[in-house]
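Let's have the full structure, built from the sequences with the hints guiding it.
The listed protein sequences derive, respectively, from chains A and B.
When you read off a place in the first sequence, starting at 1, and then add 92, the result is the number in the numbering used here.
When you read off a place in the second sequence, starting at 1, and then add 135, the result is the number in the numbering used here.
One should not assume that every hint holds.
[As the list claims (entries may be wrong)] Mimicking DMTMM-like on lysine to aspartate or glutamate, the simulated pairs with C-alpha atoms at most 20 Å apart in a straight line are:
1. A/114 with B/271
2. A/94 with A/291
3. A/299 with B/455
4. B/402 with B/420
5. A/95 with A/108
6. B/155 with B/399
7. B/402 with B/142
8. A/94 with A/283
9. A/114 with B/420
To be clear, the hints were calculated from the coordinates, so they are not data collected in a lab.
These numbers were taken from a predicted model, which means no experiment stands behind them.
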Amino acid sequence: MKKLAIVPALRDGLIEEMRRDKNVFCMGEDISIPGGWGGVFTVTLGLEEEFRDQLIDTPIAEAGSIGLGIGAALAGLRPVLDMQYSDFLFLAMDQIVNQAAKLRYMSGGTLSVPLLIRAPVGATGRGAQHAQNMERFFIGVPGLKVVCPATAYDAKGLLKAAIRDDNPVVMFEHKLLYGSKGISAATGEIDASSEIPDEDFIVPIGKGIVRRSGADVTIVATLLMMHLALAAAEELANRGIEAEVIDPRTLDPFDWPLVEQSVEKTSRAIIVEEGPKTGGWGAEVAAGLGERMMEYLTAPIQRVASPDIPVPFAPALENVYRPNVRQIIQAVESLIALG
Amino acid sequence: MSTSTADLLEFYRQMLLIRKVEERLSQLFLEGTIPGTLHQSLGQEAVAVGVCRALRESDVITSTHRPHGHALAKGVSLPSFIAELLGKTSGCCKGRGGSMHVGDITKGMVPSIAIVGGGVPIATGMALAFKRRREDHVAVSFSGDGGVAEGIFHEAVNMGAIWDLPILYVIENNRYAASTHYSRNTKLEQLSGMAAAYGIPGVTIDGNDVLEVYETTRTAVERARAGAGPTMIEAMTYRLTGHNRRDPCNYMPEDERDQALEQEPVKRFKELLLRGGHAEASLLEEMQTKLETEIEAVVETALAAPDPDPEEAFRYVYAESPES
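This is how it looks when you write it as C-alpha cells:
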C-alpha cells in the first residue's frame with residue numbers, strides 16, 4: 093500500500109499497463125517531449141525513457157489523433173489518448189460519436205475499438221473554454237462508455253479497466269482533484285489521494301460505490317462534487333440529518349441498482365453536478381429515478397447544478413458557477429422540511 | 136509492364152462485375168426493394184479495381200458513402216454484399232450497415248465510413264499500427280474530391296506524412312462533391328498539389344485507365360512497404376449517375392457528360408482488349424452473361440433470405456470485455 097494522489101496513481105496505472113501489454117500506448121500533445129511537461133497535467137512525466145516506443149507526441153490535431161487512435165485500435169492496439177482539456181473533445185466529436193462508438197455495431201460485431209480517451213474537466217480559473225464538464229455530451233451514446241473517477245484508487249482502477257475494455261471509453265478527470273505539482277498545480281485543490289494496493293486491481297466499469305451511508309437522503313455526485321457532497325454530509329450529520337452519498341463512478345452504463353437500493357431506503361434524492369443544469373447527466377438520473385422509484389419517493393428529486401451560463405473567468409463569478417457545500421446543504425434541508 | 140492476358144481479363148471481369156452489380160442495384164432500388172438510398176459508382180470502376188488489384192488481402196482500405204466498387208474490388212463476397220444492401224442477417228455487416236457501411240475486415244475493408252473525411256484518420260491509424268508492429272501491410276484511404284475540403288483530411292495526411300506511415304491517400308476525383316464541381320472548392324488545378332503541403336509525393340492520373348491506376352498504386356504501395364511513407368494519388372474519373380438515385384444531375388453540362396460516356400473505363404478497357412487482340416468479342420460477351428447470371432442468382436438468394444429478428448437490434452452495441 094502507498095498513498096498517492098490521482099496524477100501519480102494514473103501514471104502508475106499507465107506504467108503497469110504498458111509493461112503488461114506492449115499493444116498499449118499513449119498518444120497526445122506534449123506528452124513525452126524531452127524537457128517537456130509529460131502532458132499538461134504531468135501524468136506521463138518521466139515515462140519517456142522506459143516507454144519511448146509507447147508514447148507518441150502528436151501535432152495539435154484532436155480529431156485526427158483520435159481518428160488515428162481508432163484506426164490503431166481496429167488493428168489491435170490499445171491506444172490511450174491524452175486530451176489536455178476535455179473542452180477540446182468538441183473538435184473530435186465525429187470521430188468519437190460517429191466512428192468509435194458505432195463501428196462495432198455497423199460492422200455487425202466484427203470490429204472492436206479498444207480506445208481510452210482521458211479528458212480533464214472542471215472550472216479552474218481558465219475561463220470558458222478550458223473548464224467545461226463534458227460528461228453530458230457523451231452519455232447516451234450507445235457503444236461508448238463514460239467513467240469519472242473521484243479518487244486516486246478509482247482513477248487507477250478505472251484506467252486499467254478501461255485500457256483492458258474492448259470498447260471506446262471516455263474517462264473524465266477533474267483538474268481540482270489531480271494533486272498535480274509544479275506549474276500544473278491548480279489553486280483550490282481537494283485531496284483525492286488514496287491508499288493504493290501494491291497488487292494489480294481494477295475498478296469495474298459500470299459499478300458505483302456508496303461513499304457514506306445514511307438513511308435520510310441520497311446524494312448522487314461524481315468527481316469534485318462527490319467530495320463537496322461528502323463535506324455537506326458531515327455538516328448535515330451535525331444537524332441530525334444522515335445523508336447517503338453515492339458515487340456512480342461510471343455514468344454510462346449507469347449503476348441503477350445501487351442508486352435504486354439507496355433511494356428505496358432514503359426516499360429522497362439529490363443529484364449534484366458541475367455544469368449547466370439544463371441537459372446535464374443529472375437530468376437523466378432524475379428522469380430515471382422518476383420512472384423507477386416514484387412509489388418510494390416522498391419528495392421531489394432535486395438537482396444542484398451550475399447556472400445556465402458559460403464558465404466565467406473572474407474568481408468571484410466562477411464561484412457562482414461552481415456548486416458549493418452550502419447549496420447542497422440547503423437542498424437537503426429543503427427536502428427534509430417537506431416531511 | 137508485363138501483364139498477362141489472364142490478368143487483363145481479370146481486370147475487365149472485376150470492372151464489369153461492379154458495373155453490372157450497380158446496374159442491377161439501380162433496378163432493385165427503383166422497384167423499392169432496397170431500403171434507404173444508394174450512392175453508386177458507375178463510371179468509377181477503374182479506380183476501385185486498379186487500386187485494389189495492387190493490394191494484398193491483408194492490406195486494408197477505408198471507403199466513403201460511395202463504397203460499392205471498393206467493396207467488390209477488395210474482395211467482399213458478392214452474396215454478403217448484396218444481402219447487406221437488402222438489410223439481411225446474411226449481409227457482411229449483418230444488416231447493421233447497409234449501402235453506406237458495407238465492408239468486411241476479413242477481406243481488408245473497414246465498414247465504409249459515410250461521414251466525408253471520417254475514414255482518412257482511421258486508415259492512417261491502421262497504418263500506424265502496422266508500422267508499430269513492423270508488419271508490412273499497407274492502408275489505403277479512399278476519399279472523394281469533396282473530402283479534401285474537410286479539416287480531418289489534412290490532420291490525417293499530415294500525421295501520415297510526419298511519421299512515414301505505410302498509407303496511400305487516394306482521391307477519387309469524380310468532379311462533383313454532390314452537386315458542386317471541384318473547381319468551386321479549390322484554387323488548385325490538381326488536388327494532388329495538396330501533397331506538397333505535407334512533404335509527400337502527389338500525382339494526378341487518368342482514373343479511367345485501370346492499368347495506369349494499377350501501376351501508379353503498385354509503385355506507391357512498394358514505396359509504402361519499404362517504409363518511405365505515404366503517396367497522394369488523385370485519380371480523375373467521372374460519376375455517370377447522380378449523387379444518389381434521386382439526383383437528375385441538371386448541374387452536369389451535357390457535352391461534359393457525353394464526353395465522359397466516351398471516356399468511361401469499362402468501355403475503354405473493352406476496346407483495348409479487343410484492339411490489342413487479347414480477347415474475342417464473343418469471350419467478353421460470354422463473360423458478361425456469366426456475371427449477369429451469377430448476380431441474378433445471388434440477388435434471388437438474398438431476397439429470399441429472412442430479415443433480421445427484431446430482437447437482434449440490441450446485439451453488437453458493445454464488445455464483451457471479460458477482463459473489465
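Quick rundown of the hints versus the structure:
1. A/114 with B/271: holds, 19 Å
2. A/94 with A/291: With a Cα-Cα distance of about 11 Å, the restraint between residue 94 of chain A and residue 291 of chain A holds, given a limit of 20 Å.
3. A/299 with B/455: holds, 16 Å
4. B/402 with B/420: holds, 13 Å
5. A/95 with A/108: At roughly 17 Å apart (the allowed maximum being 20 Å), residue 108 of chain A and residue 95 of chain A satisfy the hint.
6. B/155 with B/399: holds, 14 Å
7. B/402 with B/142: Holds - the C-alpha atoms of residue 142 of chain B and residue 402 of chain B are around 17 Å apart, at most 20 Å.
8. A/94 with A/283: holds, 15 Å
9. A/114 with B/420: violated, 54 Å
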